[in-house]
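K.L.:
Residue strings, one per chain:
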Amino acid sequence: MGVYNIHYTGSMPPLVIGKTITLRENVNSLVEIPNTKNLNFLVRGRKTNFTRVFQATPTVGDFDSPQFVNNKRYWTINLTHIYPTSSSISAYDNQNYRQNFGFLVAPVMETYDIDLYYGDGKSLDLSSFTKIEGVNIVLNITVDKDYNNIESENPVTSYKEYSDNDVVDITPTGSSGEPTSSQEELNAQYGTQIWEV
Amino acid sequence: MGTKAKDVTVNNDMQKEYEDKLAKATTDEEKNNLSKEYYTKIFTIK
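Taken in order, these protein sequences are the chains called A and B. Under my numbering, residues 1 to 197 are what the first sequence spells out, in order. Under my numbering, residues 198 to 243 are what the second sequence spells out, in order.
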């Protein structure tokens, strides 16, 4: 239910590759589950339709035995975004880092709608997970033009017009956490941005 | 709802070591243990 921002600005130390934020979400009012379940995020970009599933980073413990610190008002859930340079995309935008490290490598200057799923064990296959209805997280990721360290590697976006306007929400199937290109149709929808690296 | 963004720092040497070992690992259990072992060695969040 919260709205969050990740903003890249100024100069970034050379070894910093992204940012982690702590979401505070009132999960207890939506579902009664122990705080030791595995949580998956399903993110979908509003402009690009860029879609990924990745693990939420626990606030205590590790991905094999996660624990999310919580009270009656909110759960603390960590979300890690890796800045999408061409090298970080090739290194981290894959099932291993989404599943075992909780990384999201996704376009910046984009607003994401995020759903939350819970289940047991590390998996990105949402068919074995249950959606927590009513979470509706919004994440806005922006970058300043003076973000000097990696600006030259920024992926670019462009618009292309198509006659078939049928952008649809998709939920990736399978275990990779990534939809097939035919499902996602990043380059075949009227009004979506095209993300090129 | 305010939250402070923390930097994620990578240790490139450790990451290379992890990738090398991961390429040699044959079972899922082995790969999982490597991921668990190297997560805090490769990445620092602060």
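Source of the hints: derived by calculation from the structure; they are not laboratory data. Hints are not guaranteed to be accurate.
Unchecked claim - For lysine-lysine, the following DSS-like pairs were computed, each having C-alpha atoms within a straight-line distance of at most 25 Å: (1) A/K122 to B/K213; (2) A/K122 to B/K221; (3) A/K145 to B/K201; (4) B/K218 to A/K131; (5) B/K243 to B/K221; (6) A/K131 to B/K221; (7) A/K145 to B/K203; (8) A/K47 to B/K221.
What the hints assert, rightly or not - Here are the simulated distance ranges between beta carbons: (9) A/T173 to B/N209: 33 to 39 Å; (10) B/K228 to A/G174: 26 to 32 Å; (11) A/V168 to B/D204: 34 to 40 Å; (12) A/L30 to B/K213: 41 to 47 Å.
To be verified - Here are some chain B residues pointing at chain A (derived, C-beta under 8 Å): (13) D204; (14) V207; (15) M211; (16) Y236.
For each residue, glycine too, the CB sits at the ideal point set by N, CA and C.
K.L.:
Each hint: holds or not?
P.N.:
Okay, the hints, checked on the actual structure:
With a CA separation close to 23 Å, the supplied pair A/K122 and B/K213 stays within the 25 Å bound. Taken as a hint, the A/K122 and B/K221 pair is honoured in the structure, with Cα atoms around 22 Å apart against an allowance of 25 Å. For a cut-off of 25 Å, the pair hint linking A/K145 to B/K201 stands: about 21 Å separates their Cα positions. For the suggested pair B/K218 and A/K131, the alpha carbons sit about 35 Å apart, so the restraint of at most 25 Å is broken.
Proximity of B/K243 to B/K221 is assessed by CA-CA distance (about 31 Å); at most 25 Å being required, the pair is judged violated. Of the pairs offered as hints, the one joining A/K131 and B/K221 is violated, with about 36 Å between alpha carbons and a cut-off of 25 Å exceeded. Note on A/K145 and B/K203: the hinted pairing holds, with a Cα-Cα distance of about 20 Å set against a maximum of 25 Å. Using a Cα cut-off of 25 Å, the hinted pair A/K47 and B/K221 is violated, with the two alpha carbons roughly 40 Å apart.
Range check, A/T173 to B/N209: Cβ separation about 34 Å, and the 33 to 39 Å hint holds. One distance hint, 26 to 32 Å for the beta-carbon pair B/K228 and A/G174, is violated here, with the actual separation near 18 Å. Remark: the range hint 34 to 40 Å for A/V168 to B/D204 is upheld by a beta-carbon distance near 36 Å. At roughly 42 Å, the beta-carbon separation of A/L30 and B/K213 lies within the given 41 to 47 Å, and the hint holds.
The beta carbon of B/D204 comes within 5 Å of a beta carbon in chain A, closer than 8 Å, and the hint placing it at the interface holds. The criterion of a C-beta within 8 Å of any C-beta in chain A is met by B/V207, whose closest approach is roughly 5 Å, and the hint holds. The interface hint given for B/M211 is broken, as the beta carbon of that residue sits about 11 Å from the closest beta carbon of chain A, more than 8 Å. With its C-beta approaching chain A no nearer than about 6 Å, B/Y236 sits inside the 8 Å limit, and its interface hint holds.
When the structure is compared with the earlier hints, violations turn up for hints 4, 5, 6, 8, 10, 15 and for no others.
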